[in-house]
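Asker: Sequence:
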Amino acid sequence: MNQLRATLSERHVNMMCFSQSLGIGLFLQNGRAIHYAGPGLATLAYILSGTIVGSAASCLGEMTALFPVKGPIFELTKRFLDQSVGYAIAWLTWFGWIMLLAAELVAITHMFKFEYPPELLAQAGYPSSTLSFAPNVSSGVLILIFIPFILLFNLVPVKQFGQLEYILGTTKMLFVCVMIVLNTVIHAWNRADKGHFWTYNQPYSFAAKNITLADGHTVVTGGVGQLAGLWEAMTSSIFGLIGIETVAITAAVKIATRKISIRLIVLYALATFTVGLNVPYDYPTISDPAVISFGFAQNSTFVVSTVIGRLPVWPMIINCFIIFSAMTAGINGCYNASRTLHAIASDRQAWPEWTWVQNLRARLERTRYGCPYVAVFVSWCFGWLAFMATSQSSGAYLGRMVRTVVISILIIYGVVAVTYLEFYKCVNQAAKGGDESLDDKDDPEVRSQYDRNSPGYPYKSHGQWLRAVYALVGCFLLALFNGWRSLTHPTNVEDMLGCCNVLIFGFFVIAYQIKFHGFNPVKWRRRVSKELQSPRPLVVKNDLRRGRLNLVDSYNLFTMGNIRAFGRWMQIYSILEPHGAVHSVEDETSLRKPDACPSTAFGDDLSDLVRTSSSKSIPGELGLQFSPTPSLRRLQSISEYNELRGYPPSTLPPLPGSVSPPREWRGTTSYAPPSILPTLSDSSSTSGENVTPESSLLGSLFSRRKKKDTSGLKPEVRDPLPDSLSFAFSSVGRNLTLWQRNGHSFIHIRIASWESKRIDLRQTLPAQDADRSLNIKLIAEGDGWIAAIIYRKRQYLLVMINQTGTQYTLWKLDAHMRPTTLAMSRDNAFVAVGYGTAVNVFRFEGSLQSWKSELTIDGFKSSDEVKHQIISFSNDCKYITVSCQRYDRARGKDDDGLHTRVWRCKKNMGEGFKLEHCRLPTDHIGITSVAFNPELSLATLTAFIDAPYPLFLAPVSSNANPLTPAAPSKRAQSHFKARCAAQSSNPAFTSFLTDTNKVHLVNLKTKAVEEWADLGQFRRRELDPREEVATMSMPGEKTCYVVWRDGAKLMLCTIMAKNRAECKDLRWLVDDAGWGD
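Numbering-wise (the numbering used here), the sequence shown opens with residue 627 and increments by one.
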């Protein structure tokens, strides 16, 4: 299975971001910034750089909070800016992370070469005459020691990885705080006997007085020199701020972006300011006139500060901590690179269509126990570039790697800012009802989902449009003039290699334009979808927003309630995260709702994001007690609802059976899609509730539960799917429903967003009824609403329930008749229940019934004469077609005769009109589908028989031939046993699956039948209807889904074009939802 795990909480995500950002940038580049800009301007440089990066991260945070998709950095760019630019950004992101991994490893080797100049020790009056940490070990050996740990850490279970990163990130944050306090104390001691703020006074100053160019002789002074020094300090400080986008890579957590930005800016600025109080900007070890270089521990201002302060041991502690910091940043770099590569591998269109490339892509998409181990290994292999550290010019190589990473990130942040500007325009247009592509665009509830001023909008920053422009201009200028000193005399061509990623970005943009539009540049154009409905936007449920100070008493400021609220608000932005605060997905996905909500302590800190399941449904899935949602409130009255459920009219209905919601009401779980379709890019991940060290990729190797054969990993053994399993696609073809016959719950799978949810129909029963047993008989779905027939206490009931389980009604069916068929129209307006000789058609508005009409099938005396019955609605939902096959015990000439009639859907349907009659000798399956096209006045019919199929039936008044054979030869016709069929969104096309695994496409206009795909490549044996069931759908004109059960697997095959198909196992969605029976 190619899915990732979802077990990280917000505190894990926060510390992963901080741990990624706090690598070697602050400790080794801080001195370079102070040297070029001076202590005051260096502090300002960190603030300016932090606000630029933070503004870009806020843009990404708002987009990802509203649309949690997999790979948001490039997926949102594809959606709102351009598909070619999106794919180019994807590869550039991965390139930046693998270069960062190599740079951190090279930095580790530098730290083992720590040797402080003895003359500077004597000048400072340091207690020891020598200060070095230089073991006689080759740099290559050091890399061989450290690089395996990076691979091993990235293969541990996700939950344990998050816990470990939380500990490491907290340790790094606390150490920076210790450095701030330590430098403040050193300055207060004044051991240098130069007075307070001596680095800001003469002969030094707030800003450096000049900057030396690359030749080592040319000095630029005055305002121009100070501006150039500030610019050089900003370009140096950017590297230490890389990592905020880990929030989007790891999870769509709306508050994490702001918290990380504030933490980094405050801590980096304070650290630079306090260390600048003790180290002058012209100190020899931080003076570096080279254009590109990366120093050693003796070049760190934090080490220099402790030497000037005459503190023994502390320089060695700082050096060891830099090694530790670089190692953890390298681990995070490999993590981000592997997740980015896995997201790219999940998108088929990002790769050439060559066979060997697609085979490589499929391997990169593989996961085991939620870990994308192939992507991890491939990304980790690029860490071996760190062997450049064995060269004498390792400092220059490291500096070039750092420049490559910085320019890559600046390009990415700039593109994110441009994407946000387009996103801002689209969202505002949708909020005003001007987006014609939106369903129900004039519905105020739909428009409010895109309104940035709406209380339900998940996350926004004040002045975000201006911040996006600010980030765009800042990133553009920093990227353009990042290597400006390389252009001064003497120029070094090798130093310009750090800007190669600009060429890489341009190359990929052009390559994808060629792929999509050909080699002619005249035909190149912007390719953008501006999709605002997939996935559905998230909305806020709680009024108390995280990250906002919510006072209990706004009139009396100093009260205990306000003090507690202030404490909780401070806690959100502090290191001390509540352990049960928020559960989020682990990899590029939408938010995962918590399985257990804390009761009191941090109730205000619960996640307030819920996914809207339809354009008019906002489920209330969080909190401890049930409360009616806006969709529920749209019932005619609460009293009517309570009367239906058996409650007093004036009370709100409690949740049946328990105070705390059952699992199926605690919110859906969002998943990382296996990218069966390039357009299906939602989030995704399986539940991580059962992720243990023993079930992980590494944990299975070190588990205490040893098995006799430990030579390798054992394949996962799963129980077969229930024999009584039934499943069917929705009328629109985008959702799949599974249920066990005679069970009490069903599983609903949304293929577009890869979400699964178990809905227990016992919740629809009156609360006062002690007997809560029921049996599910039939289920059908339209678009977001589900109709189910249940049997309870010798009575058949029709249940109408939405796909989130938050709105439902019960209706009694005729007691003297047994329903055999159920169908639902695409617009959820009509439900048809077939009884063999009769059909009841119900007209619904939401969950409320408007009218009921009864249809009678002529020619049948009793339901025993009906062998098979099929009911379908036309695509425009204006016609209903009923086809019945006769069973004659006497084997008369009308045995297996097919009687088909069409009615127009209205309150008084009348007799309708007949279609041509034909006789179809069949086995136990018989007729499998019927679809009527009103425009052509033609129906197509399939059955599991040896006959030329499909058949085209016209009204009896028409001259059309009702038995028009298909195009294949007679030999091929003898094998046309149609196992199942589906009608496309385009009524002119249908498709069917034969018993030999062939999928055929039928064109009703031309009555042509062509073979579309052969599913035999995914199966070793032919589909046997006596052993398994199968179903199919066509959500698009040239897109087809086929689902069948294969032992323990639930296989989904997606056909995207002729002879192009992919097959995936959906069992992970079934297991995550659970049957509950």
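What the hints contain is simulated information worked out from the structure, not anything from laboratory work.
Among these hints, one or two may not hold up.
To be verified - Here are the in silico distance ranges between beta carbons for each label pair:
1. Pro978 x Asp1490: 23 to 33 Å
2. Leu1183 x Lys1438: 28 to 38 Å
3. Phe1142 x Pro1392: 50 to 60 Å
4. Val892 x Tyr826: 13 to 23 Å
5. Asn816 x Ile1130: 48 to 58 Å
6. Asp1069 x Phe1192: 35 to 45 Å
Said to hold, decoys possible - No more than 25 Å apart at the CA atoms, straight line, and that leaves these computed lysine-lysine pairs for DSS-like:
7. Lys1504 x Lys1156
8. Lys1067 x Lys1533
9. Lys1419 x Lys1403
10. Lys1664 x Lys1633
11. Lys1540 x Lys1478
12. Lys1631 x Lys1540
13. Lys1631 x Lys1675
14. Lys1540 x Lys1438
15. Lys1540 x Lys1487
16. Lys1141 x Lys1051
17. Lys1493 x Lys1533
18. Lys1403 x Lys1540
19. Lys1664 x Lys1631
20. Lys1141 x Lys1058
21. Lys820 x Lys739
22. Lys1664 x Lys1141
23. Lys835 x Lys820
24. Lys1403 x Lys1664
25. Lys1403 x Lys1438
26. Lys1624 x Lys1675
27. Lys1086 x Lys1141
28. Lys1419 x Lys1478
29. Lys1067 x Lys1156
30. Lys1664 x Lys1504
31. Lys1478 x Lys1403
32. Lys1633 x Lys1504
33. Lys1478 x Lys1438
34. Lys1624 x Lys1664
35. Lys1051 x Lys1067
36. Lys1532 x Lys1478
37. Lys1403 x Lys1493
38. Lys1504 x Lys1532
39. Lys1493 x Lys1540
40. Lys1487 x Lys1504
Quick caveat, the model's predicted, so the values are computed rather than measured.
Ideal Cβ placement from N, Cα and C applies to all residues, glycine included.
Asker: All the hints need checking, so say for each whether the structure fits it.
Answerer: Hint by hint, here is what the structure shows:
no. : hint                          : verdict
1   : Pro978 x Asp1490: 23 to 33 Å  : violated (60 Å)
2   : Leu1183 x Lys1438: 28 to 38 Å : violated (59 Å)
3   : Phe1142 x Pro1392: 50 to 60 Å : holds (57 Å)
4   : Val892 x Tyr826: 13 to 23 Å   : holds (21 Å)
5   : Asn816 x Ile1130: 48 to 58 Å  : holds (51 Å)
6   : Asp1069 x Phe1192: 35 to 45 Å : holds (39 Å)
7   : Lys1504 x Lys1156             : violated (31 Å)
8   : Lys1067 x Lys1533             : violated (28 Å)
9   : Lys1419 x Lys1403             : holds (14 Å)
10  : Lys1664 x Lys1633             : holds (17 Å)
11  : Lys1540 x Lys1478             : holds (22 Å)
12  : Lys1631 x Lys1540             : holds (20 Å)
13  : Lys1631 x Lys1675             : violated (37 Å)
14  : Lys1540 x Lys1438             : violated (30 Å)
15  : Lys1540 x Lys1487             : holds (18 Å)
16  : Lys1141 x Lys1051             : violated (28 Å)
17  : Lys1493 x Lys1533             : violated (28 Å)
18  : Lys1403 x Lys1540             : violated (29 Å)
19  : Lys1664 x Lys1631             : holds (16 Å)
20  : Lys1141 x Lys1058             : violated (36 Å)
21  : Lys820 x Lys739               : violated (31 Å)
22  : Lys1664 x Lys1141             : holds (20 Å)
23  : Lys835 x Lys820               : holds (20 Å)
24  : Lys1403 x Lys1664             : violated (32 Å)
25  : Lys1403 x Lys1438             : holds (14 Å)
26  : Lys1624 x Lys1675             : holds (20 Å)
27  : Lys1086 x Lys1141             : violated (36 Å)
28  : Lys1419 x Lys1478             : holds (24 Å)
29  : Lys1067 x Lys1156             : holds (15 Å)
30  : Lys1664 x Lys1504             : holds (24 Å)
31  : Lys1478 x Lys1403             : holds (21 Å)
32  : Lys1633 x Lys1504             : holds (23 Å)
33  : Lys1478 x Lys1438             : holds (12 Å)
34  : Lys1624 x Lys1664             : holds (16 Å)
35  : Lys1051 x Lys1067             : holds (16 Å)
36  : Lys1532 x Lys1478             : holds (10 Å)
37  : Lys1403 x Lys1493             : holds (18 Å)
38  : Lys1504 x Lys1532             : holds (8 Å)
39  : Lys1493 x Lys1540             : holds (19 Å)
40  : Lys1487 x Lys1504             : violated (28 Å)
Checked against the numbered hints above, the structure violates hints 1, 2, 7, 8, 13, 14, 16, 17, 18, 20, 21, 24, 27 and 40; every other hint is satisfied.
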